[in-house]
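Trainee: Sequence:
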Amino acid sequence: MDSTWEKRLVKRYYDKLFKEYCIADMTQYKKCKIGLRWRTEKEVISGKGQFICGNRHCDEKHGLGSYEVNFSYVEAGEQKQALVKLVACKRCAEKLAYKRLKEKEKEKEEDPYGEKEIELKDRDKRKREHEESDDTSEDE
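Residue numbers for the sequence shown, in the numbering used here: 1 to 140.
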């Protein structure tokens with residue numbers, strides 16, 4: 001009985017090694033297309049994707065950050081999704097966030113003085129002041 005439990009525990013740990021971290025193909029990141037796949041046994045042993053940058057074409061070992069990404073895949077004909085870890089160096093992390101960075105740049109070009117942000121802050125301030133005045137009038 002103990003050996004079956006131990007085997008299940010070992011199998012669960014072994015599966016976790018392969019499916020906790022993923023490898024990314026960022027060759028088409030400018031089109032917002034990043035391919036993800038599970039690590040191979042060789043990659044698990046070498047530390048690729050966990051201790052080495054998870055981008056397929058990068059072997060950086062320093063300055064790594066861990067990112068949680070949504071991995072959508074098909075297994076045994078069934079569509080599945082999992083949140084997995086992607087370890088990336090600074091350069092590859094920028095590729096991962098490319099779309100968001102470009103959107104922020106575009107917003108700054110459209111509103112260079114941050115007027116929209118100032119308007120929103122003023123609106124929120126007026127709203128808070130209004131709510132506070134309502135609270136004090138209710139107390140009286």
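These are calculated hints, taken from the structure and not from any lab test. A few of these clues could be false.
To be verified - For each label pair, taking beta carbons as the anchor points, the in silico distance ranges come out as: (1) S3 / K90: 42 to 52 Å; (2) Y13 / Q79: 22 to 32 Å; (3) F51 / D25: 43 to 53 Å; (4) I45 / Q79: 46 to 56 Å; (5) K31 / K108: 52 to 62 Å; (6) K80 / E60: 43 to 53 Å; (7) L9 / T40: 15 to 25 Å.
To be verified - Straight line, CA to CA, 30 Å or less: simulated DSS-like cross-link-like pairs of lysine-lysine: (8) K85 / K104; (9) K16 / K61; (10) K61 / K33; (11) K42 / K7; (12) K61 / K19; (13) K7 / K85; (14) K30 / K106; (15) K90 / K16; (16) K33 / K106; (17) K104 / K121; (18) K61 / K121; (19) K90 / K31; (20) K33 / K95; (21) K19 / K80; (22) K42 / K61; (23) K16 / K104.
In this text, a Cβ means the ideal position worked out from N, Cα and C, and glycines have one as well.
Trainee: If a hint holds in the structure, say so; if it doesn't, say that too.
Mentor: Results for each hint:
no., hint, verdict
1, S3 / K90: 42 to 52 Å, "46 Å, holds"
2, Y13 / Q79: 22 to 32 Å, "26 Å, holds"
3, F51 / D25: 43 to 53 Å, "19 Å, violated"
4, I45 / Q79: 46 to 56 Å, "30 Å, violated"
5, K31 / K108: 52 to 62 Å, "22 Å, violated"
6, K80 / E60: 43 to 53 Å, "30 Å, violated"
7, L9 / T40: 15 to 25 Å, "23 Å, holds"
8, K85 / K104, "25 Å, holds"
9, K16 / K61, "22 Å, holds"
10, K61 / K33, "24 Å, holds"
11, K42 / K7, "22 Å, holds"
12, K61 / K19, "21 Å, holds"
13, K7 / K85, "26 Å, holds"
14, K30 / K106, "15 Å, holds"
15, K90 / K16, "26 Å, holds"
16, K33 / K106, "20 Å, holds"
17, K104 / K121, "18 Å, holds"
18, K61 / K121, "42 Å, violated"
19, K90 / K31, "19 Å, holds"
20, K33 / K95, "10 Å, holds"
21, K19 / K80, "13 Å, holds"
22, K42 / K61, "17 Å, holds"
23, K16 / K104, "36 Å, violated"
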